[in-house]
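Asker: Residues per chain, in single letters:
Protein chains: 2
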Amino acid sequence: MEFYAVIMAGGIGARFWPRSKKKSPKQLLKIVGDNTMIQETVRRINGLIPIENILIVTNETQKPGIIEQLPEIPIENIIIEPFGRNTAACIGLASIIIQKRSPDAVTFVMPADHIIKDDESFLNTLKTASQFSIENQALVTIGIQPTRPETGYGYIQIDEDSGKSSVYKVLTFAEKPNYATAVNFIKSGDFFWNSGMFIWKIDSILNEINQLMPDLFEGLVQLKDQITNPDFPNILSGIYGQLKSISIDYGIMEKSDKVFLVKGNFSWSDVGSWEAVYELSEKDEDGNVKVGTVYTDMALDSYIYSPDKFTAVIGLDNLIVINHNDALLICKRDKAQDVKNVIDYLKLHKLNDLL
Amino acid sequence: MEFYAVIMAGGIGARFWPRSKKKSPKQLLKIVGDNTMIQETVRRINGLIPIENILIVTNETQKPGIIEQLPEIPIENIIIEPFGRNTAACIGLASIIIQKRSPDAVTFVMPADHIIKDDESFLNTLKTASQFSIENQALVTIGIQPTRPETGYGYIQIDEDSGKSSVYKVLTFAEKPNYATAVNFIKSGDFFWNSGMFIWKIDSILNEINQLMPDLFEGLVQLKDQITNPDFPNILSGIYGQLKSISIDYGIMEKSDKVFLVKGNFSWSDVGSWEAVYELSEKDEDGNVKVGTVYTDMALDSYIYSPDKFTAVIGLDNLIVINHNDALLICKRDKAQDVKNVIDYLKLHKLNDLL
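So the sequences go chain by chain: P and X. Residue 2 is where the first sequence starts when you use the numbering used here, and the numbers rise one by one after that. Residue 2 is where the second sequence starts when you use the numbering used here, and the numbers rise one by one after that.
Calculated from the structure, these hints are not laboratory results. From a predicted model like this one, the values you see are computed outputs, not experimental measurements.
A pair counts as met if it fits within one copy or between any two copies, since identical chains are not told apart.
Using 30 angstroms as the maximum straight-line C-alpha spacing, the simulated DSSO-like pairs for lysine-lysine come out as follows:
1. LYS284 / LYS348
2. LYS336 / LYS291
3. LYS310 / LYS341
4. LYS245 / LYS24
5. LYS284 / LYS177
6. LYS351 / LYS284
This is chain P alone, in the form it adopts within the complex (with noise of 0.2 angstroms):
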């Protein structure tokens, strides 16, 4: 039995603007750390699955970059989507792929985008949940014991009582909370943090799409003997066109019967935010986090990337500063979620150049 790994990077970071924009999305930076998250990710995986078992999905716009950062990847691992069509296709589509390879393969489905700080018990989680997926042809998920009531993240519930080697039965699936909601999911103990990462053997999750999103499986079947014709890209155009775009979340783990829940002990953060990357650095005695040349004066607590410019920061505290290349964002750090709404200001404006 082989162990394959689906990375998916699809995903823009529009949160991260100025630093991400469609050619170096946020799996492609270096956030935290001297690696970029998407090297990251695969040296993370790497520890229990070989190079060549690693499959990246991706689009056209970042492949360059995908290319360049892992060399080591296979390039026939490298696999494009036309345009997004959410978690269910784009997962459905590695699963035919890794099924071709390797019938009876183990996968694990992750984001590229992701900080782990233990790989040790990372790896160990992956280790338990694959174990319980291939015993049981169960859906595996891995949920994050919460450490505080954020509502940036989705929750999952479990059965306490169906506890087995620290995997349990799922309950639900609830969306981001309101801040009140959360605490009382912290309170409960039941309520684990949804990490977007799931294990399965592949002919459990291509079963539960054929069950619950037949038109998906469908395409997937069409699609499955037309992966070595050259003109692959061109069917892969037509089919996902006239898929619907929906989460694997929505599509299969809310409604399939088969779905459990290994405990993650780890430190996980699915990095959300300006306000989450600060939060994730080391900072000085002031509180602030300092990249480039920066001088502070009566300013605290304060994240400040300035690589190329010299910067002076006075009388200012709790500030997101991001001076990159053409860009510059100035933002208090409790509204860092808001940076999204720049790229629709952009977009509107058509300053395409700066998206």
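With the hints as your guide, set chain X onto chain P.
Answerer: Chain X only, in chain P's frame:
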């Protein structure tokens, strides 16, 4: 009788970093409006004084910028100081040059970097002052009717009973006061802002220099005979090197009994900081001043200058943002005076390109 003007243009304007640097000091910038400050100063005074009688005292570094911005000024009217020796020496030097050309001249002395909004009122004030200076051999200074207890200006106290066609005898010069003192100054009604602008007959000021600053006068006498000497710059350098660095206020105005004040009722500012620029600029409905393509969201009452780079400001009020060439300043408006400390930092760290 001829009228002359001396425009003092030697300052750097450290509070306007990063727009003002050694080669681009405050007076050579378009701080408010379409002209640079020195262009505005020349244009304004040119309503009263022919261009060939306007002298500019500056230094070698700023000379090319001044020639470029003011091609109409005869080159022999641009006087180069070898180094700064404060306003007494600067005014003395200009005075002997004017005396050589026109011994009876009435001279207007003013800084190059102030903003005055009502030209007609300003010129009328100058006419009143010059008339009085001719009739009374007086040193006349322009005092601005204060509109607030400003702590950034020096003050001049007049003898209200000495009033004669809006010209008053000066009692005392006061340094920049603290806030409580400034409030008392305003309440008393006999204190005016010291604008640093003077009007006098050329022999009146030179006589007072002779009386009150004999060392300076002696230097000036030596210089006067050498003005046409091709080696004048070297001779000037030698004599300047021995002069004390003293302001005209301290050296002459505070000590002379020939000092009078004419009330200026026009809108005036010495534009001492970015905060003053914000105050003087036209605001949009959010109280913002924007130069360049600037996106704001939940951002009020800020001055945002970024002509070359798209800038987004989110969730922050009362900011000064100056994004200029190779440096970025982000400053709380009420800390605008502290921008000069950046200059010390840059000198200490030998970041000379940024100075």
